[in-house]
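Let's have the full structure, built from the sequences with the hints guiding it.
Residue numbers (our numbering), protein chains in the order written: chain A, 1 to 387; chain B, 388 to 774.
Note that these hints are calculated values from the structure, not bench results.
It is possible that part of the hints are untrue.
Keeping only pairs whose Cα atoms sit at most 25 Å apart, straight-line, the calculated DSS-like set for lysine-lysine is [as the list claims (entries may be wrong)]: (1) B:K708 - A:K9; (2) A:K9 - B:K613; (3) A:K78 - A:K124; (4) B:K708 - A:K226; (5) A:K226 - B:K515.
Stretch by stretch, here's where chain B covers chain A in the computed footprint (C-beta under 8 Å, at least three residues) [said to hold, decoys possible]: (6) 88-94; (7) 219-225.
All figures in this text were calculated on a predicted structure; none of them were measured in a lab.
C-beta atoms are modelled at their ideal positions from N, C-alpha and C, and glycine is treated no differently.
Here is how the chains run, residue by residue.
Protein chains: 2
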Amino acid sequence: MKNFDFQCKTRLIFGENSVKELKNMISGNYKNILLHYGGGSIKKYGLYNQVIQILGKENVNVFELSGVEPNPKLSLVKEGIKISRENNIDLILAVGGGSVIDSAKAIGIGAKYEEDVWDFFTGKAEPKESLPVGVILTIPATGSETSTGSVITNEDGLYKRSLRSNEMRPVFAIMDPKLTLTLPDKQTFAGIMDMLSHIFERYFTNTPNVDFIDHMSEGAMKSIIKNAYALKKDPQNYNARSEIMLAGTIAHNGVLGIGREEDWASHKIGHEIGALYGETHGVTLAIVFPAWMKYVYKVDIDRFIRFATKVFDVSAEGKNKNEIVLEGIGKFEDFLHRIGLPTSFIEGNLPTDKFELMADKATEEGPIGSFKKLFKEDVANIYKLAL
Amino acid sequence: MKNFDFQCKTRLIFGENSVKELKNMISGNYKNILLHYGGGSIKKYGLYNQVIQILGKENVNVFELSGVEPNPKLSLVKEGIKISRENNIDLILAVGGGSVIDSAKAIGIGAKYEEDVWDFFTGKAEPKESLPVGVILTIPATGSETSTGSVITNEDGLYKRSLRSNEMRPVFAIMDPKLTLTLPDKQTFAGIMDMLSHIFERYFTNTPNVDFIDHMSEGAMKSIIKNAYALKKDPQNYNARSEIMLAGTIAHNGVLGIGREEDWASHKIGHEIGALYGETHGVTLAIVFPAWMKYVYKVDIDRFIRFATKVFDVSAEGKNKNEIVLEGIGKFEDFLHRIGLPTSFIEGNLPTDKFELMADKATEEGPIGSFKKLFKEDVANIYKLAL
Chain A
1 MKNFDFQCKT
11 RLIFGENSVK
21 ELKNMISGNY
31 KNILLHYGGG
41 SIKKYGLYNQ
51 VIQILGKENV
61 NVFELSGVEP
71 NPKLSLVKEG
81 IKISRENNID
91 LILAVGGGSV
101 IDSAKAIGIG
111 AKYEEDVWDF
121 FTGKAEPKES
131 LPVGVILTIP
141 ATGSETSTGS
151 VITNEDGLYK
161 RSLRSNEMRP
171 VFAIMDPKLT
181 LTLPDKQTFA
191 GIMDMLSHIF
201 ERYFTNTPNV
211 DFIDHMSEGA
221 MKSIIKNAYA
231 LKKDPQNYNA
241 RSEIMLAGTI
251 AHNGVLGIGR
261 EEDWASHKIG
271 HEIGALYGET
281 HGVTLAIVFP
291 AWMKYVYKVD
301 IDRFIRFATK
311 VFDVSAEGKN
321 KNEIVLEGIG
331 KFEDFLHRIG
341 LPTSFIEGNL
351 PTDKFELMAD
361 KATEEGPIGS
371 FKKLFKEDVA
381 NIYKLAL
Chain B
388 MKNFDFQCKT
398 RLIFGENSVK
408 ELKNMISGNY
418 KNILLHYGGG
428 SIKKYGLYNQ
438 VIQILGKENV
448 NVFELSGVEP
458 NPKLSLVKEG
468 IKISRENNID
478 LILAVGGGSV
488 IDSAKAIGIG
498 AKYEEDVWDF
508 FTGKAEPKES
518 LPVGVILTIP
528 ATGSETSTGS
538 VITNEDGLYK
548 RSLRSNEMRP
558 VFAIMDPKLT
568 LTLPDKQTFA
578 GIMDMLSHIF
588 ERYFTNTPNV
598 DFIDHMSEGA
608 MKSIIKNAYA
618 LKKDPQNYNA
628 RSEIMLAGTI
638 AHNGVLGIGR
648 EEDWASHKIG
658 HEIGALYGET
668 HGVTLAIVFP
678 AWMKYVYKVD
688 IDRFIRFATK
698 VFDVSAEGKN
708 KNEIVLEGIG
718 KFEDFLHRIG
728 LPTSFIEGNL
738 PTDKFELMAD
748 KATEEGPIGS
758 FKKLFKEDVA
768 NIYKLAL
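See the structure below:
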């Protein structure tokens, strides 16, 4: 186990009708609130009205910035920073999924920084403080509601870059599983792939002696898979929605990464697909991960055997190591297919002619990943494996 | 799953030589520090000198209060409150195990309360604020380093009472597994029983649909058992010490209890043994838990089957439900014996003539527990089962 320094300050308010707790989170604490959201879905299902009603009863000024899209854009972040500065915003209230929260986080650190917020995403500067960000979560997936991360796309060159900072953890996250009952299948299951990937990026490590967190991660993965099948059978299953919503948070609050080197190559490899074709993040991960696993497993075949046997219940009997691992990856692909996700570019109806360009962009700041360090050629090979 | 509101603010600084990070925790943040510890062990192994040296280089005033014993006493807490008030203490630095931390927490809330601190433990008042408590942990067991809990014994009547409050979570916890290499076996393994019990008290619940946390709890229990055996074989195994130290924290930071009714009857039943005979907390739990399990399992036999099969790998084949459960409890008792813990009063060399008195005290505020509500007669029966 590696030494670590961990703190997750976010307060979780979880359960049916928990949106009404917004009142207690706000009351007496904030004065000028920037309400940040995406498109019409929060209006369509009444959440927008409910939030406005709660805020209306508090002595606060509400400013609005909507229009966050999947793969949230730097230009909107800059608009949010401008509004925040001009109106002394003291809370950014993100109502939505990961894109909205990531956008709110970037606004939060940008508003407290005099230079260009993109500096943080290129590594030119480190966030020292942020405006508080509060969350009402509508899509369980990215874990952004408690995580340190934000992923923003700079339209000028289609760069999708991620940033991590403890300063960006939201102060509270309100999570009502009922809000997720209306999610379209694609978002539900892409979200599930996203949360699984957050565990994968930590679970596949070369750091030895991380048994306790390994065990907890395996339990988490098994439960996510079990509840994903329950939702495939019945998207209205409130209990499965609850488990999945909680899982998305725990998968990415950082606990499952303590004491170990994390990887994150697959996220970068997937981000280039998202940046180029606007594909949903979780879908890009479903395409990338099986290929990544096949490409890297020999680095530590025993870890992949553990994954195959403990998470996908592969029996080791009468099989050699490669067979066990490949059966595990096969079962993972089967799981993805059964929940309706593609595991290749072709299944995902995506162009297959830009692999070199994407590999170039993914590695332009140097090789990526840590389980196996990947250079441009490696990344291109992984795209080809995912053809 | 039940609705929940969860926040754990404690910053974990974990790993070899992490004590030197104390400097960064203190520097510029605090002025008058109350150093709180137990007896000689932190002096014997050099930790005391190291702490004094670090504090000596900071611009702080250090006050000392030592003498915390197992089952920490209200009288010492009151002395700490007096010192804190007289010297404008702004950080209580607890260096030790659960007793020292619990005592520090009680001082922290007591110093901010004008009436008798015991009011909090009898439910007459609720803590509204606390002096910050920092921790350097030397014994992995109670999880008090991040938990909301404190257990204090009022010598006037030998009442041992516990309190939970978010206000009592420490601000930081420094955890160096190397500090635990010198622990005597009894403390090591009683500590391991203690952390297992913190999972049990949450895992055995009647709240339905808590699959995700169940899975994570089962992983946690399996890893604790595995690493307990590793430490029985070689107490100098640094990696197993690390896993166990981390496990003790996660077992009781509250995450494994979110969304469910918790039980805590066994703790109360064990507390009376501790209050009367001064026995180590973890040892009392080793005596109580197998008996409690046998007494209550029929309330939800399927949950105990899950426990037996997933945590102790009991094969269900060809057995009826009772047999599966009892084999699981048997394996748990076998585990306790193998790590040197008693599972009965007689094995523990404890008197067996005060069961009625203890049952009376354990239930004097009403029936205890939630998995099965236990009245005085039930508690007496459990003591008899543990004879």
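Against the structure, the hints come out as follows:
A hinted pair counts as satisfied when its Cα atoms are at most 25 Å apart, and K708 of chain B with K9 of chain A does not qualify at roughly 43 Å. Under the criterion of a C-alpha separation no larger than 25 Å, the hint pairing K9 of chain A with K613 of chain B is inconsistent with the structure, at around 31 Å. Pair hint K78 of chain A plus K124 of chain A holds up; C-alpha atoms about 17 Å apart against a cutoff of 25 Å. Proximity of K708 of chain B to K226 of chain A is assessed by CA-CA distance (about 24 Å); at most 25 Å being required, the pair is judged to hold.
For a cut-off of 25 Å, the pair hint linking K226 of chain A to K515 of chain B is broken: about 41 Å separates their Cα positions. For a cut-off of 8 Å, the count of residues in the segment 88-94 of chain A with a CB near a CB of chain B stands at 0, and the three-residue condition is violated. Note: the segment 219-225 of chain A has 5 residues with beta-carbon separation from chain B under 8 Å; the three-residue rule is met and the coverage holds.
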